[in-house]
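With the first letter of the sequence shown counted as 1, position 896 gets the number 896 in my numbering; the numbers rise by one all the way through.
Each hint should be verified, as a subset may be incorrect.
With a Cα cut of at most 30 Å, we get these calculated DSS-like pairs of lysine-lysine [as the list claims (entries may be wrong)]:
no.	residue 1	residue 2
1	Lys482	Lys453
2	Lys118	Lys153
3	Lys565	Lys673
4	Lys660	Lys673
5	Lys495	Lys453
6	Lys565	Lys663
7	Lys660	Lys565
8	Lys453	Lys485
9	Lys766	Lys929
10	Lys485	Lys495
11	Lys482	Lys495
12	Lys673	Lys663
Don't read these hints as lab results, they were simulated from the structure.
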Amino acid sequence: MIPPESLPSHHRVPYPRAALHGIQRMLGTIRGRITIAFLVTSTITATLGLSAATSIRRADELVSRTFDNSLMSINYARAAAADFAGMRAADARRWTTADAAMRSALNQRIAALRQSYKESLEIAVDRAQSVRASRAAVAVAGEVEEWLGARLKLSDGPGQEAAWAALDRHAVAAEENFDLLINYTAGDGFTYRQEARAVVARETMLNLIGTLIAILLSGTVAYALGRRIIRPLADASQVASRIAAGDLSGDIPAGSADEVGRLLASMEVMRNNIRSAMEQEVAQRVTAEAHLADALETSQEGIVVVNADGHVALTNGQAESYLGVDAGSIPPGTTVAQLAAAASDPTNLAHALLRPADRHDEHRLSDGRWLRIGRSRTLDGGFMAVCSDITLLKDQEARLVSTNLRLDTALDNMSQGLCLFDAEGRLTVVNRRYFEIFDLPPDSQILGLTQAKLVGLGGIAALGREVALTGPDGTIKGRDLKHLKNGRIIAISHKAVAGGGMVATYEDVTERRQAEARIAFMARHDVLTGLPNRTVFVERINEALAHLGRGSRFSVLCLDLDRFKEVNDTLGHPVGDALLRAVAERLGACVREVDTVARLGGDEFAIILTDIHRPDDAAVLARRIVEVISTPYNLDGHLVSVGVSIGICFAPGDGTSCDKLLKNADVALYRAKADGRGTWRFFEIDMDIRLQARRALELDLREALANGEFQLHYQPIYDFRARRIGGFEALVRWQHPTRGLVPPGEFITIAEEIGLIVPLGTWCLKTACEEAMRWPDGIKVAVNVSAVQFRDEIVVASVREALAASRLPPARLELEITESVLLKDNVATLATLHALRRLGVRIAMDDFGTGYSSLSYLRSFPFDKIKIDQSFVRDITPASDSGLIVRAVIGLGASLGMRTTGEGIETQTQFDRLQAEGCDEGQGYLIAKPGPAATVPEVIARWSDTRSRPARAVA
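Turn these sequences into a full structure, and let the hints guide you.
If you want it as structure tokens, here you go:
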């Protein structure tokens, strides 16, 4: 655009006219109208904002005058009044005191208050907002000065009544003027406050009126703007919607000169162009359809042309009959989907045309006619369907297919192989399953072959008798099971058919027979080892018992592996299972084929040794089994060693029933285990008696703890160096209600085997700690701990709970263990011992010298004490081997910093000898027998005298 200043002078438009012209142009556009409306609204908003700001500023000034001037003037006036009152009070005190120093101080006080009074009064006068307040302040100043002058005229002499009266008069006048000053100032503040409220009310009303006017003006502007913009836009939108909907007949309103007017004019041109183009297209289409209809009406094929949008473009009379409509009744623009929806018959051709299909498709109408529908794509993306009537052809095909389908379905769904031979012995029908059973290729051409040729192909040659399929009467009766060379088991059935020939069925029953065999085997054999189980073993014993009348004898051997649980616990169950399988193999190698080896469960095995002539036959077998089973095993890189204990009984001497023989063999096995394991024992009558007694004792033992039948007896431990009792060893006793006092040797082992030792040991710990708390300080209590308690790893918790419950100092508790504790899981046991040591208790090795006595135990764990077994103390003499061993153990303990205790002291000689060898402690019947807790104080008192001698102590 060329700027006006660059135009020639005769082309330039005067500036006012140019500005007016620009405004008119702006008002003629939508953008200009919106801009003008925005400016008007902004002006109104700015005017309201300026008015509100002015009102707020005026109100602020009035408020400031009220609070800043009036309130401050009042405060300083009161301060001046307070200073004057202070001056009067100080002057009064001055006349009442005779102290010169006090009078001087009061004079200074009055001077200071006078200065403060003057400053406060000046500020009050400066902040006063009225003449009357200022006059009251001047009066106050005058009266105060008069009071000060009258004060100076006073003296201590007589005749001062007039001076004092003048002084009081001026003071009263000053106070009255002070009150006037304060009241005038407060009245001025109230006046300005009222004025401020009036200003705020007035300005608020003005702002409300202005806001209402602004809203009305804004609404007027918006209304005018809407009439000039929204109405034309609505007309344009309505015209566009009609054109888009295909309505080209409506009138288009005339628009103004703005953008909307130009848009309406453009829409009118577009509408006219579209109307002209559509009219031409319709004329051409009508002509084309007429020519196409004339060409297709005589066709025997039904033709349907569908465009890309799914609209039916063309149909002939034949197609309309297939569609079930009258000729020429399909409206233009009708879609195939509409035809399908209008047809109540689901087999209508329209439904077939909706389905996605290949180039050729077949469809059946509801009247039974069959159509072959061929489709071809058209250039516009639609398709043309040619429908031919193939009803006659489909009927013939259906009959043939139905026959073949029934036969094929029956044959292919049979689980048996089937062969149908005609009267001449030729194969006429065979199914798929037959090929699968005899491993024939699926494409084998065997139809028409004779039976002899089938044998040559290998199809039935493996059956062994199919070369003579028919008997004299032409039939084969029954059902045979045959084993093929490939391992399959086939059930064969033959049957003659009417008119000659035969049908044969072949069923593969391999898996069924194998499953039956597996089930039968698993029901009678051990899954892990494959050996016969208890059921088979009992049957074999009963069979052997049935043959006893013929003079044959047999023996039953019950075997139990020694240390098998240790293998399971240390190396895991997989290694334990492998060990059981290896033991089963070795046992099978030790017996004859006529003998029976069975696994009864766990690590228990049993053997039936048949046809024996003397007991030594069973002993020879037992010796061989012990040697073979004890040979180490190499399992998954682990070298494993186990033993075996064997119990043997004979039939009929030891029993004539299966239960009796197994029971007696088990009793003999128990005796073998009790005699040290790794051996065998024959059944004896006394064994059963002892076993019954043991079982009765076991039953009583299970109830003893709950019934409170256990007691603790305490045997003193003498300290050779301190020459007094240093502690007691707690020994459990069982007071049976009928048997009396049962020795520990008879029930401790049973308690360990049945698992009762754990709760019993916990009870002993708790009871011993509670009793020890009643003893003098420094007296220790020793409690024996079983190896089973270490194995269950609960001894640490038991000790902690016993100490906590009794509050016994840990240093006073001593736990005694044997070397057998360290033999099992040495690492875990040492960890438990260290945990006990951290609790603060003392650890002693009991019966040292009777077991392995491995010095590595003393090196791996620092025991606090070594207890020398009584077997060495009993035979102690200076020159005996026992004496040398005792001396060595005492020296070893001294070197390692461990105390030594000699057990089993029964004579004065033993006592003196141990003391001379440097033993730290001793215990035995010479000192005192174990006794109840009530005897402890008497024992301590008897040995408390350091001059006492053992000979005197033993009564």
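- Message: Run the distance test for Lys766 versus Lys929: straight-line Cα separation, threshold 30 Å.
- Response: 22 Å, holds
- Task: Quickly compare the C-alpha distance for Lys495 and Lys453 to 30 Å and report which way the hint goes.
- Result: With a Cα-Cα distance of about 21 Å, the restraint between Lys495 and Lys453 holds, given a limit of 30 Å.
- Under the criterion that the straight-line Cα-Cα distance not exceed 30 Å, is the pair Lys565, Lys663 satisfied? Within the cut-off at roughly 23 Å; holds.
- Task: Compare the distance between the alpha carbons of Lys673 and Lys663 with 30 Å, and conclude whether the hinted pair is satisfied.
- Result: 15 Å, holds
- CA of Lys453 to CA of Lys485, is that 30 Å or under? 19 Å, holds
- Query: Does the structure keep Lys482 and Lys453 at a Cα separation of 30 Å or less?
  - Reply: Distance ~20 Å between Lys482 and Lys453 Cα, so the pair holds.
- Compare the distance between the alpha carbons of Lys118 and Lys153 with 30 Å, and conclude whether the hinted pair is satisfied. 22 Å, holds
- Message: Can you confirm whether the C-alpha distance between Lys482 and Lys495 stays at or below 30 Å?
- Response: 17 Å, holds
- Mind checking the alpha carbons of Lys565 and Lys673 for me, to see if they're no more than 30 Å apart? 15 Å, holds
- Regarding the pair Lys660 and Lys565, is the alpha-carbon distance no greater than 30 Å? 28 Å, holds
- Message: Tell me if the straight-line CA distance from Lys485 to Lys495 falls inside 30 Å.
- Response: 25 Å, holds
- Message: Next pair to validate is Lys660 with Lys673; report whether the Cα-Cα distance is within 30 Å.
- Response: 20 Å, holds
Figure legend: structure checked against the earlier numbered hints; every hint is met.
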